[in-house]
Amino acid sequence: MTAIAIVVFAVAYVLIATEWTHKLLAALGGAAVLLALGVTDSEHAFYSPDTGVDWDVIFLLFGMMVIVGVLRRTGVFEYVAIWAAKRAKGSPLRVMILLTLITAAASAFLDNVTTVLLIAPVTLLVCERLGINPVPFLIAEVMASNIGGAATLIGDPPNIIIASRSGLTFNDFLVHMTPLVVIELAVFTLVLPRLFRGSFAVDPERVDDVMRLNEREAIADKVLLIKCGAVLVLVFAGFIGRSLFGVAPSVVALLGAGLLVLISGVKTRDYMGSVEWQTLLFFAGLFVMVGALVKTGVISRLADAVGAATEGRALLATMLILVVSAVLSGIVDNIPYVATMSPVVLELTKTVADPSQANALWWALAIGADFGGNATAIGASANVVVIGLALRAGYPISFWEFTRKGIVITAITIAVAAPYLWLRYFAFA
Amino acid sequence: MAEEFPVVSLDSEAREAVQLLAARRLPGLIVVREDGTPYSVLPASQVVRFLVPSYVQDDPSLARVIDEPLADRVADKLSGVPVRKLLPSEPAELPVVNHDDTVLEIAAIMARLRCPLVAVVKDKQIIGAITASRLLELVAPKD
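Chains as they are written, first to last, in our numbering: chain Z, 1 to 429; chain G, 1 to 143.
Hints are computed from structural coordinates only; laboratory data are not their basis.
From chain Z, some residues computed to sit far from chain G (all C-beta separations above 10 Å):
hint: 1; residue: Phe46
hint: 2; residue: Leu93
hint: 3; residue: Val233
hint: 4; residue: Leu244
hint: 5; residue: Leu262
hint: 6; residue: Asp270
hint: 7; residue: Ser300
hint: 8; residue: Ser398
Result set (DSSO-like, lysine-lysine): computed pairs, CA atoms no more than 27 Å apart in a straight line:
hint: 9; chain 1: Z; residue 1: Lys86; chain 2: Z; residue 2: Lys222
hint: 10; chain 1: G; residue 1: Lys77; chain 2: Z; residue 2: Lys86
hint: 11; chain 1: Z; residue 1: Lys89; chain 2: G; residue 2: Lys77
hint: 12; chain 1: Z; residue 1: Lys267; chain 2: Z; residue 2: Lys222
Even for Gly, the Cβ is constructed at its ideal location relative to N, Cα and C.
Let the sequences and hints guide you as you build the complete structure.
Laid out in structure tokens, this is it:
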């Protein structure tokens, strides 16, 4: 059974990484084979929190997708982006900095793909008005999105998986991840002019075209905007006050989504259309496959091997997880990577006596996986989406055009994160 | 049943093709290869789609933030562009019928391909076209 679990998992992983088949087919196909061969069963696959589908993750994603589906109808994101471009007074560098910071901030609360789907059209509009190449702007924004998404529990799907497996709360992410992300964004902003040197020349006469954009027209329904704002406040209060209310983030998101649907009057077809069913099913398939590895003892043996290699030294294990996660997340999608590594890290944390240093392993996994997504053009779903949007607009971005910038940014962000982890959890612990 | 209909080649100027569509209020144009054989039908709706920037198609709310003088410049995209650029990147099935096809056969092709215009060929050469309105004129009950 162990050998079957490993082979099925490896084959599915190769198919997901190489995209020889659709990743949903690979994940569900792998889960189906494991169920059919009796490696796992319905009890373990559907009802066990350790070896089965993590319903907290699935329903947290589902709830946030519904909320975002309604929120994006308000036009508030377009309003803010155009307002920022006008505040930059048409200076391309200032426009890039403001749009990347807005993207990063939004990514902390929305999923990264949604954020770049919202920011990319505005960016194409502004760059067209300025008569400049939008490619550097789009690349900078998607990188900011991958960095900003690391800040909160709900900002990036890997964080949601990590939170569910580790028991870390929304507030834990705010306290431990957000400060690092703020530092990373400051460094990122300083690097932008050098990274995209030569991309900021503009004809002064084109600036007026940007200043004539009317951001107020982007707000289609002010009442809906107010309702969305009120529900979002309640949802984040629920996330932050988990210890007070004792309600899991998945339940908070579901209740928020239900309330918003009730009061917004948005039609079922519209808000359900924003739910990415393929993503949710992909997660379910992954959980079943990883659960089979847990059930057959593969994960605990892998954790033992990593523990032996690091000889129980938490700092070494933390740095190893950070770097390996960054490298592997650039090569394969960071969602299956984190789904696989979470049980391994869970086992490793049991060998570390200091709870703060045990949690450092989780933060290293989150940082490595989230920032590693920037390394290549296929490292994160948001990268693929932006490249597709750019191509449709007539601005193809080659794999290497993205990757040669991505490797630099990943190296810088990991180089900043390593001393952060060391100083915060080991040097002054 | 077929009527004479203007044709344009793949490398014709898009601007001239659009002027033809506009001046004669046509539902579309027949696009031919260099040898005169039909290549595709360019519906007017496809031209409109080409004129709308991709970012507005992705986010229709952006159409509202662009003021009138800027919006009026959408046709600038047609400058120096050949007709082939207006066609979808993946060529759709050619809406073409034989000169002796029945009204129902023609209607079936129009309905299936959702095309307001079909080319009529005889011996692989275009002899005219049938528009949806011409088809309806033929089948509409007479008072």
